[in-house]
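Trainee: Listed below are the residues making up each chain.
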Amino acid sequence: MKQLITGNEAVARGAWEAGARFASAYPGTPSTEILENIATYQEIHSEWAPNEKTALESVIGASLAGARAIASMKHVGLNVAADPFFTFAYMGVNAGAVVVTADEPGQFSSQNEQDNRNYAKAAMTPMFEPSDSQECKDMLIEAFEISEKHDIPVLFRMTTRVCHSKSLVELGERQDVPLKPYVKNIKKYVAVPANARPMKVKVQENQTIMKGYSNNCQWNRIEMNEPSVGIICSGDCYLYAREVFGGDASYLKLGFTNPLPDDLIREFASKVEKIYIIEENDPYIEEHVRALSIACDGKNLFPRNGEMKPEVIRSVIYGEEYPVDEEVREAVIPRPPTLCAGCPHRGFFYELGRRKNVMVSGDIGCYTLASGAPYHAMETTVCMGASISLGHGAQQVFDTIEGNKMRVVSALGDSTFFHTGINSLLDVAYNKSNLITVVLDNRITAMTGQQDNPGSGRTIQGEVIEAVSIEAIARAFGFRNVRVIDPNQLTEVKEALDWALALQEPSVIITRWPCALKKQTALDKEEFKGSFTSVYWVNEEVCIGCKKCTRTGCPAIVFQFAKKKSSIDPEKCVGCSVCAQVCPKQAIQKVEA
Amino acid sequence: MTTKNILLTGVGGQGTILASKLLTEGLLSQGYDVKMSEVHGMSQREGPVLTHVRFGETVFSPIVEAKKADVIIGFEELEVLRNLEYLREDGKGVVILNKVRVNPIGVQNGSDKYPENAAELISARAGKVIAMDASEEARKLGNIRVMNIILLGASVRQLGLEEIDWNRVIAENVKPRYVELNQQAFELGKSLS
Chain A
1 MKQLITGNEA VARGAWEAGA RFASAYPGTP STEILENIAT YQEIHSEWAP NEKTALESVI
61 GASLAGARAI ASMKHVGLNV AADPFFTFAY MGVNAGAVVV TADEPGQFSS QNEQDNRNYA
121 KAAMTPMFEP SDSQECKDML IEAFEISEKH DIPVLFRMTT RVCHSKSLVE LGERQDVPLK
181 PYVKNIKKYV AVPANARPMK VKVQENQTIM KGYSNNCQWN RIEMNEPSVG IICSGDCYLY
241 AREVFGGDAS YLKLGFTNPL PDDLIREFAS KVEKIYIIEE NDPYIEEHVR ALSIACDGKN
301 LFPRNGEMKP EVIRSVIYGE EYPVDEEVRE AVIPRPPTLC AGCPHRGFFY ELGRRKNVMV
361 SGDIGCYTLA SGAPYHAMET TVCMGASISL GHGAQQVFDT IEGNKMRVVS ALGDSTFFHT
421 GINSLLDVAY NKSNLITVVL DNRITAMTGQ QDNPGSGRTI QGEVIEAVSI EAIARAFGFR
481 NVRVIDPNQL TEVKEALDWA LALQEPSVII TRWPCALKKQ TALDKEEFKG SFTSVYWVNE
541 EVCIGCKKCT RTGCPAIVFQ FAKKKSSIDP EKCVGCSVCA QVCPKQAIQK VEA
Chain B
1 MTTKNILLTG VGGQGTILAS KLLTEGLLSQ GYDVKMSEVH GMSQREGPVL THVRFGETVF
61 SPIVEAKKAD VIIGFEELEV LRNLEYLRED GKGVVILNKV RVNPIGVQNG SDKYPENAAE
121 LISARAGKVI AMDASEEARK LGNIRVMNII LLGASVRQLG LEEIDWNRVI AENVKPRYVE
181 LNQQAFELGK SLS
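From first to last, the protein sequence lines stand for chains A and B. In terms of our numbering, the first sequence opens at residue 1 and continues consecutively. In terms of our numbering, the second sequence opens at residue 1 and continues consecutively.
Here chain A stands alone, though its shape is the one from the complex (with noise of 0.2 Å):
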């Protein structure tokens, strides 16, 4: 039976159909829905890990032990794990272990658009690309059996269209694949010198040995059609190039891309004449082809950053002109993204971003909306859990200049804490730097879309466990000034940033208050009584008009123009009370059930 499913959503049928039985993930945008899909197959023990390396660490233990495993992220979480994935190369697996690295041309959601095929090559595993979803099922299969085979890990490279984009899969059933028995073995496991050198020998012999599977594999292939013109292409790059030459060129598909299939290419170059690589972001396949001596245009015609789209292609081959219509342009005016309303980073945000003398270095969650307008208080993101380390970095720096005013906040969600942002905090502790660490603990991983984390107090599978407590770890790392407070309450957060700037050691403030977006547990419930059930109004009579309430950044408030008042979308508002505590006269009220 053919379903219309997602590319993701074909790796999780495909895990399962590959009789994987472990599967740990970090969420991130475009590769989260893999392990939530995952997570439906009851043969699959699923896991959020607190980030990508103890992600990938636990697949190689899973691996080790016998079992099927698959770890998968988005592109930067490649970074995070990269160093467990490299010596992993080296030491092989026991049963097959896939790596799912989800990259972003055109970064509709990522701090960068970096191609992860190169890490394919820097540690010489095999990598497959799909297309579209079947392939994303049937690669990932196949990814499974080269791992057993060649003693390796798989890594599975998909991009944001591969991953979201529907497209038709014929489902098949489970194989039964038993547990391998775990026997030790030091010389392969142990990656110190004396094992790692032969370790690397055979792993450059695999990349040549699997040169042969790469030039006779049905993944890489020719299509002749009009010899002019041959496109040499993988991933989505084929499908775009497929829609605007049709038959009139030659395809070189490529869907195994390393080692890449050297006498292939050489057959496709002497049956075409002239030859375009096809393909986003760096000149991977490029460089490769050129190094065989091949003429070709790749990346001196084509633009290496952002989505390879059709229109994209036709300009570049056709000269085809895609004008800007300016008057639309013009009329056009931004939808940017908000914190939602009744999101309990406004509160924070909103009074931060009043302080005078301070940096903030942010980092990456709903939070990083904190950069832009009204806010303004967020001014730096690298990449997860940078915040607390780079403002360490910064308060050590200004301390040294005499006289200094300068005190740096550092924000970070609870789960970017978890992820690395504890080890930051661990720096802070050591080093003693006079920083203001802020945890934004919403109790969940809200940017990705509600996934738990070990502070929720709930696993990917709904069980419930207790919550891994950040004051406590705080505490544990010997911080001696440590509060908890309440953002929606101004008043708490004013005097916790008073508070926290007039001391001379580190401090951590910790707003704890849910995502308006979580679905609650019992305990959330308990504990937040009452939260996001009232709704506020605004008393026409009283509003002065001020905007005041505007400057909160909430999108439920809308102001009259006509009126010269304020007035508040019942439909959105869920009873945060920030705008009524920073309206001046009071005008702001609660409905009254």
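Worth flagging that the hints you see were computed from the coordinates, not collected in a lab. Among the clues, some could well be false.
Unchecked claim - Under the rule of at most 27 Å between Cα atoms (straight-line distance), these lysine-lysine pairs were calculated in the DSS-like manner:
#, chain 1, residue 1, chain 2, residue 2
1, A, K548, B, K113
2, B, K140, A, K572
3, B, K175, A, K2
4, B, K21, A, K518
5, B, K140, B, K99
6, B, K21, A, K2
7, A, K299, B, K67
8, A, K563, B, K113
9, B, K175, A, K572
10, B, K190, A, K572
11, A, K585, A, K572
12, A, K149, A, K188
13, A, K494, A, K432
14, A, K572, B, K113
15, A, K565, B, K113
16, A, K564, B, K113
17, B, K99, A, K572
18, A, K184, A, K211
19, B, K190, B, K92
20, A, K121, A, K253
21, A, K149, A, K299
22, B, K99, A, K563
23, A, K563, A, K590
24, B, K99, A, K564
25, A, K2, B, K4
26, A, K518, B, K175
27, A, K590, A, K564
28, B, K175, A, K547
29, A, K565, B, K92
30, A, K211, A, K121
31, A, K519, B, K21
32, A, K519, B, K175
33, A, K253, B, K4
Start from chain A and add chain B according to the hints.
Mentor: Just chain B, lined up with the frame of chain A:
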């Protein structure tokens, strides 16, 4: 047949996802090859939503190419305007336009002005515009949320998809207690086109 290109464009929470789900299920029931692509990372935070749906004998690209959209199903005026570059320019592009404005936060707080002439700009560039206040029509039916199904109903004639058993598609993909309401909404949309 040549591949047909449809865009559904709106704002998070307007129901574009269910509308595109029903559309693709209907297309599959007719034996078409179908591809669909969606970018919705920020939709929960009041951001725009854009869904690409393509169908035909064999469909390659999951995304609609610029200037190639046959039909734009627009849930909100500004979002249609934002994606107007996708509409075919040969005078055969159709826009199903919901005459509804969802103000971005910049309009709510006065830093931006909503383009008053959005509908005119769209009309001047489309071969045909089928405009309606689907939200108001939905309200009359008793549930504002079926606005999406009214718009879907309004699009089927333009797409040449009247032969599909839409009542069955709705019955199979909507919660039982909402089936009848959605079927009514669909018929209403069809009659408004």
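Trainee: Each hint needs a verdict: does it hold in this structure or not?
Mentor: For each hint, the structure was consulted:
About 19 Å separates the Cα atoms of K548/A and K113/B, which keeps this hinted pair within 27 Å; it holds. At most 27 Å may separate the alpha-carbon atoms for a hinted pair to count; K140/B and K572/A meet this at roughly 22 Å. For the suggested pair K175/B and K2/A, the alpha carbons sit about 23 Å apart, so the restraint of at most 27 Å is met. A threshold of 27 Å between alpha carbons decides the hint, and for K21/B with K518/A the separation of about 25 Å falls inside it, so the pair holds.
The suggested pairing of K140/B with K99/B holds, with an alpha-carbon distance near 15 Å, which does not exceed 27 Å. At most 27 Å may separate the alpha-carbon atoms for a hinted pair to count; K21/B and K2/A meet this at roughly 16 Å. Taking the CA atoms of K299/A and K67/B, the gap is about 25 Å. The hint holds against a cut of 27 Å. About 17 Å separates the Cα atoms of K563/A and K113/B, which keeps this hinted pair within 27 Å; it holds.
For the suggested pair K175/B and K572/A, the alpha carbons sit about 25 Å apart, so the restraint of at most 27 Å is met. Among the hinted pairs, K190/B with K572/A is inconsistent with the structure: their alpha-carbon atoms are about 31 Å apart, more than 27 Å. With a CA separation close to 23 Å, the supplied pair K585/A and K572/A stays within the 27 Å bound. Between K149/A and K188/A the CA atoms are separated by roughly 16 Å; this keeps the pair inside 27 Å, and the hint holds.
At most 27 Å may separate the alpha-carbon atoms for a hinted pair to count; K494/A and K432/A meet this at roughly 24 Å. With a CA separation close to 21 Å, the supplied pair K572/A and K113/B stays within the 27 Å bound. Under the criterion of a C-alpha separation no larger than 27 Å, the hint pairing K565/A with K113/B is consistent with the structure, at around 17 Å. At roughly 16 Å between alpha-carbon atoms, K564/A and K113/B fall within 27 Å of each other, so this suggested pair holds.
Pair hint K99/B plus K572/A holds up; C-alpha atoms about 21 Å apart against a cutoff of 27 Å. Our distance criterion of 27 Å between C-alpha atoms is broken by K184/A and K211/A, whose separation comes to about 31 Å. With a C-alpha separation of about 20 Å, the suggested pairing of K190/B with K92/B holds against the 27 Å cut-off. The hinted pair formed by K121/A and K253/A meets the criterion: a straight-line CA distance of about 19 Å does not exceed 27 Å.
Of the supplied pair hints, the one linking K149/A and K299/A is violated, its CA atoms being roughly 35 Å apart against a limit of 27 Å. This hinted pair checks out: K99/B and K563/A have alpha carbons roughly 24 Å apart, not beyond 27 Å. Proposed proximity of K563/A and K590/A is supported: the alpha carbons are some 21 Å apart, at most 27 Å. With a CA separation close to 26 Å, the supplied pair K99/B and K564/A stays within the 27 Å bound.
Taken as a hint, the K2/A and K4/B pair is honoured in the structure, with Cα atoms around 21 Å apart against an allowance of 27 Å. The hinted pair formed by K518/A and K175/B meets the criterion: a straight-line CA distance of about 23 Å does not exceed 27 Å. Our distance criterion of 27 Å between C-alpha atoms is met by K590/A and K564/A, whose separation comes to about 21 Å. Taken as a hint, the K175/B and K547/A pair is broken in the structure, with Cα atoms around 43 Å apart against an allowance of 27 Å.
A distance of roughly 45 Å separates the Cα atoms of K565/A and K92/B; the hinted pair therefore is violated under the 27 Å criterion. At most 27 Å may separate the alpha-carbon atoms for a hinted pair to count; K211/A and K121/A meet this at roughly 13 Å. Taken as a hint, the K519/A and K21/B pair is honoured in the structure, with Cα atoms around 24 Å apart against an allowance of 27 Å. For the proposed pair K519/A and K175/B, the alpha carbon gap of about 21 Å is at most 27 Å, so the pair holds.
Proximity of K253/A to K4/B is assessed by CA-CA distance (about 25 Å); at most 27 Å being required, the pair is judged to hold.
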